[in-house]
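S.K.: Position chains F, S and W relative to chain B; hints supplied.
Now for the letters of each chain:
Number of protein chains: 4
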Amino acid sequence: MGEKKTVSIVGGSGYAGGEFLRLALGHPYLEVKQVTSRRYLGDPVSLVHPNLRGRTNLKFTDPASLEPCDILVLAMPHGVAAKELEKYRGLAPIILDLSADFRLKNLDLYKKYYGEDHPRPDLLGQWVYGNPELYREALKTADRIACCGCNATAVILGLYPLVREGLLAAGPIFATVMISTSAAGAEPSLASHHPERAGSLRAYKPTGHRHTAEIREHLPGSPEVHLTAVATDRVRGILMTAQTFLRAGFTEKDVWAAYRKVYGAEPFIRIVKLKKGIHRYPDPAVVEGTNYCDVGFELEEDTGRLVVISAIDNLVKGTAGHAIQSLNVRMGWPETLGLEFPGLHP
Amino acid sequence: MGEKKTVSIVGGSGYAGGEFLRLALGHPYLEVKQVTSRRYLGDPVSLVHPNLRGRTNLKFTDPASLEPCDILVLAMPHGVAAKELEKYRGLAPIILDLSADFRLKNLDLYKKYYGEDHPRPDLLGQWVYGNPELYREALKTADRIACCGCNATAVILGLYPLVREGLLAAGPIFATVMISTSAAGAEPSLASHHPERAGSLRAYKPTGHRHTAEIREHLPGSPEVHLTAVATDRVRGILMTAQTFLRAGFTEKDVWAAYRKVYGAEPFIRIVKLKKGIHRYPDPAVVEGTNYCDVGFELEEDTGRLVVISAIDNLVKGTAGHAIQSLNVRMGWPETLGLEFPGLHP
Amino acid sequence: MGEKKTVSIVGGSGYAGGEFLRLALGHPYLEVKQVTSRRYLGDPVSLVHPNLRGRTNLKFTDPASLEPCDILVLAMPHGVAAKELEKYRGLAPIILDLSADFRLKNLDLYKKYYGEDHPRPDLLGQWVYGNPELYREALKTADRIACCGCNATAVILGLYPLVREGLLAAGPIFATVMISTSAAGAEPSLASHHPERAGSLRAYKPTGHRHTAEIREHLPGSPEVHLTAVATDRVRGILMTAQTFLRAGFTEKDVWAAYRKVYGAEPFIRIVKLKKGIHRYPDPAVVEGTNYCDVGFELEEDTGRLVVISAIDNLVKGTAGHAIQSLNVRMGWPETLGLEFPGLHP
Amino acid sequence: MGEKKTVSIVGGSGYAGGEFLRLALGHPYLEVKQVTSRRYLGDPVSLVHPNLRGRTNLKFTDPASLEPCDILVLAMPHGVAAKELEKYRGLAPIILDLSADFRLKNLDLYKKYYGEDHPRPDLLGQWVYGNPELYREALKTADRIACCGCNATAVILGLYPLVREGLLAAGPIFATVMISTSAAGAEPSLASHHPERAGSLRAYKPTGHRHTAEIREHLPGSPEVHLTAVATDRVRGILMTAQTFLRAGFTEKDVWAAYRKVYGAEPFIRIVKLKKGIHRYPDPAVVEGTNYCDVGFELEEDTGRLVVISAIDNLVKGTAGHAIQSLNVRMGWPETLGLEFPGLHP
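Protein chains in written order, with full-length UniProt numbering: chain B, 1 to 346; chain F, 1 to 346; chain S, 1 to 346; chain W, 1 to 346.
I should point out that these hints are in silico values taken from the structure, not numbers from a laboratory.
Treat each hint with caution, since some may be false.
Note: identical chains are not told apart, hence a pair may lie in one copy or across any two.
Unchecked claim - Simulated crosslink set (PhoX-like; lysine-lysine; CA at most 25 Å straight-line):
#1 Lys-276 to Lys-59
#2 Lys-253 to Lys-205
#3 Lys-275 to Lys-5
#4 Lys-140 to Lys-5
#5 Lys-87 to Lys-105
#6 Lys-111 to Lys-205
Just so you know, these numbers come straight off a predicted model, no measurement behind them.
Same shape as in the complex, but just chain B (with noise of 0.2 Å):
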């Protein structure tokens, strides 16, 4: 494996950002370079992310003054790497973007869920979707690696196998998540004031889910699937629910078989459904710091309807591991370095 490889990381005061930096931190084969953040520009890193003191004595720096690295990871909000990739592509000859702009070759689906054009449709040949469960071949070879975005990626890695092995029914599949706090990233408002936030549910997005067009572009055959978003007041993870109706002549088997052959040899997908202890199906707690998607099901024979649960943390699989992953893809490395954390219990 040889010596490690250097990464850094623009925008590392957000949250995503700063998942990346402790994985990173953690992972065997990458070194730390820089990590970027205007505001913070001279801190140590850990006064933003205490859970970094004494792991790390790196401060934050201009992203004016980033020198060149193996990897370079951009964390910035929505719409910033697409407008200023040109400054960044010469740093490094691998580049990770964990924010939505590389995330679609459909310009159409672009255009009705972001509300605009595409600022550089020229660039998005070159971007492959960083979910190893998909494109594990493509990542081997791609040098710019589009991060999946969270909801999108508990809705997809829950249908998957049912969608390409053809097992559901034709028609509307309704999925809701129900999402965490830190989703909405770490700049203050009153909708995130504590006293307003703690215990509430909002379903803040019951359409126009701007993580459908992930969902419907890279789901085979473009699904009809619904999107409804639930906040809860859990700091990170999300539970998935989509429902649906199987195709007739299917069985629970098939379910099974479909989860398995797709899924068997996947690293981080776990299949729940038991049936005896609490802890039957999905739950987001259980999942908490970790790189699993936990997936489950439940069928109703008489009518075929059929219930997916999927159970990721939104920062991990979600963002940051996930990305990790798919970097461990590309290099070459054992795929589950750096993610080794099991959660926790209880």
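M.R.: Showing chains F, S and W alone in chain B's frame:
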């Protein structure tokens, strides 16, 4: 109005009975006479319900020593009221049952969702479903009131005007109820053990939820409602989202019109769909402790997909408050009596 | 009692003003006339306080357009009331201030804990501290009521009978207040950003807490109370523990006697010290939304160490409820009027 | 280092045993051989500990079928290890006990706080208290390691440098530990029933806490530490505040010097006392899942009052992590092995 009416509660150490007790103690026309509990016999009711310290000197009595009263409230586990009704019927001219025993007239639905034949089908005809929004007229003379299930209430009140006015397209309606831990009752178990339960989001009943029966029986035309229940770690409250399609030709205006027509005079239903502020849709945190059912919706113009959202406190509008409201209707009292608490912010 | 008294609230978009508004709307002898907010000018008060939807049509008005009323409530940030009192004094014969501006008469304590000279020492003599348990007689004729600080209330009410009756040994009393996030007000900040705040336990003010001044001024003999404030992630509520030693010769019986003597007739103080059940000591969860202060204690027989415990809702007994109670005393109304909510269980 | 050492865990279905299991599975030099549980005999360990799904195929075995191993870990309820040690002593040359049975040598303290004579005083001499910060040298050759109590660890590590260096004034030290629900173990009860427990703040052990004995035995000179325990509704974590006075003549500089002198080389202690940012003092949320003990303080200059603050994860640094650290010391392995997780933000 004359003198107060006496009310006794059978099974007052549980959460439903305790909540009825709290509301009855604050009701100007009710006087609580007896509260039974075998387990806590002789203990002050405030030992179990610490909010009632200093509010009453009542002690738990033996159900065997119940005396005649004006109104008897049964708050026993499922299945007990139907079997033991003979014991109680002579004690009071008016009986309210908080359990599921008398909510259905359709014996097939009962058998399908409760897994056995109803023990006393002969009694069912006497009972009126304790939902003033649907059955106000019938409740005015009802001497047997079968109080509604909490999840059923959230679903029924969210959908009723749309179903009644014929606004929904044919086809399935997928309802998701995000419920809270008090819904499982006062009996400790591993599943309710705090370290296991706190922070968890569990799809605890993806299919086959018993309240589906009530929903199908009481919504006009018995629409195809599918119910998925997810357990959050709130102590109280339900957030319901229902996803379906509007019938072709109808618009957002029609949805507004239906809600206003049907609910315009309802004292406990608020249509919540704001264009500004951070509380734009129903949220169980806002209605905690109150008898409100907040209802909102969002329509996806291009597809006709409709998301209906409702929020209640499962122990108030979902149980004891709805029961008090039904009782107010029955007695000819102002319908909001004893139910004035507006909830807290924050 | 005659007709209702009109009350207006200056600064009604914050949590203290909003809570006073909620209580005033439910008070049988009060009519809310105006509620001011510069930021939300013209918006319905229910936009900010969603619990008040359907309960009032009031809109926020400009403080400059305040009209005369019977009672004026000032709910402004610290320091504003003292500076702007001239503006408001002609508007109403009775003024309540919810801020810290008029709570102290000792100018040295003010300077020590607030870091500057009091801007209007000439006014201080007119104000009575809004604590009926200590100053009921003086409040009966007070036209200026300085409402108490929330932490100060928890400490003072916990210790008052013991201090007054001379039961405590000389020497320091170490009080710890575990507070909640609403105490910091309605203004968002990084410290109150939900992902940062949820789950955290922060010693945010280990020394130098300003409420120490109130405690020392209003407890008889100005005992040496040291205050440490820890921020929990509850939205409402304070749990106070105070540790000190009983004076030699006194026993648990004497402690009981002191509490009974001083608090025996208090409508909002409950002595909570049970030998069975799970709610044996004061707990802010039990008093949420109520005007109760629950007080308990435990004595270590062999050392004489005494732990005093109290619990309040910081926005009710700690702010707006205590203010309403003081106002009830001033107006000669029943002291519990408008403060009847018993709290919820669970 | 050669081959891995085998470790077996007696009582692996509880939280302490489960946490040791999690850490041991991730430890490069440990191989978990057997995990016992009578209740879950034959079930996969991941049925109880869902975080371990896909990480191990171990099943719970009968304690009667334990085989010889290199290291045996006893994770049984209080009192069992002392009584049954004969059964286990032949199975492994090195034994760690996670209970309180062997933590004290002072038989009077044991009797006072545990209410009975120690059942096996003859064994106590062999055991070393599993606190590397105090007993690193002794642990290097210890074959019997008595792991520390969680609350005792928070108090001892907060105060040790100050006590050892003689910085504290004579007189009482009032320590308050704010603990979490996992501390009460995996057995459901009404007190741990989620609806009763969520949101509550309970002074559950104002006096007489058993860990006082450990604190007094292991802090040099047995200072007069008084312990009050308050239960929060966090699942994991302890925040400790201790209030006392600095000895006359000492200043903040001396406090810093003492901490730096004693803890300068400690791998798991961080001094947290910042002048900017929102994470200025120790917070259990920051150390969740980690083996860190964060320690901070604040000095009130004019009175000499000192508030010491510490934060740990009760199941890691307070139990299983401290045990692994002690074992690393005993085996001559790098002390941080298997304890690398830095915690999450947010």
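S.K.: It remains to establish, for every hint, whether it holds in the given structure.
M.R.: Here's how the hints hold up against the structure:
{"no.": "1", "hint": "Lys-276 to Lys-59", "in the structure": "between (49 Å within a copy, 15 Å between copies)"}
{"no.": "2", "hint": "Lys-253 to Lys-205", "in the structure": "between (35 Å within a copy, 20 Å between copies)"}
{"no.": "3", "hint": "Lys-275 to Lys-5", "in the structure": "neither (45 Å within a copy, 35 Å between copies)"}
{"no.": "4", "hint": "Lys-140 to Lys-5", "in the structure": "within (16 Å within a copy, 37 Å between copies)"}
{"no.": "5", "hint": "Lys-87 to Lys-105", "in the structure": "within (22 Å within a copy, 63 Å between copies)"}
{"no.": "6", "hint": "Lys-111 to Lys-205", "in the structure": "within (18 Å within a copy, 38 Å between copies)"}
The structure shown violates just one earlier hint, number 3.
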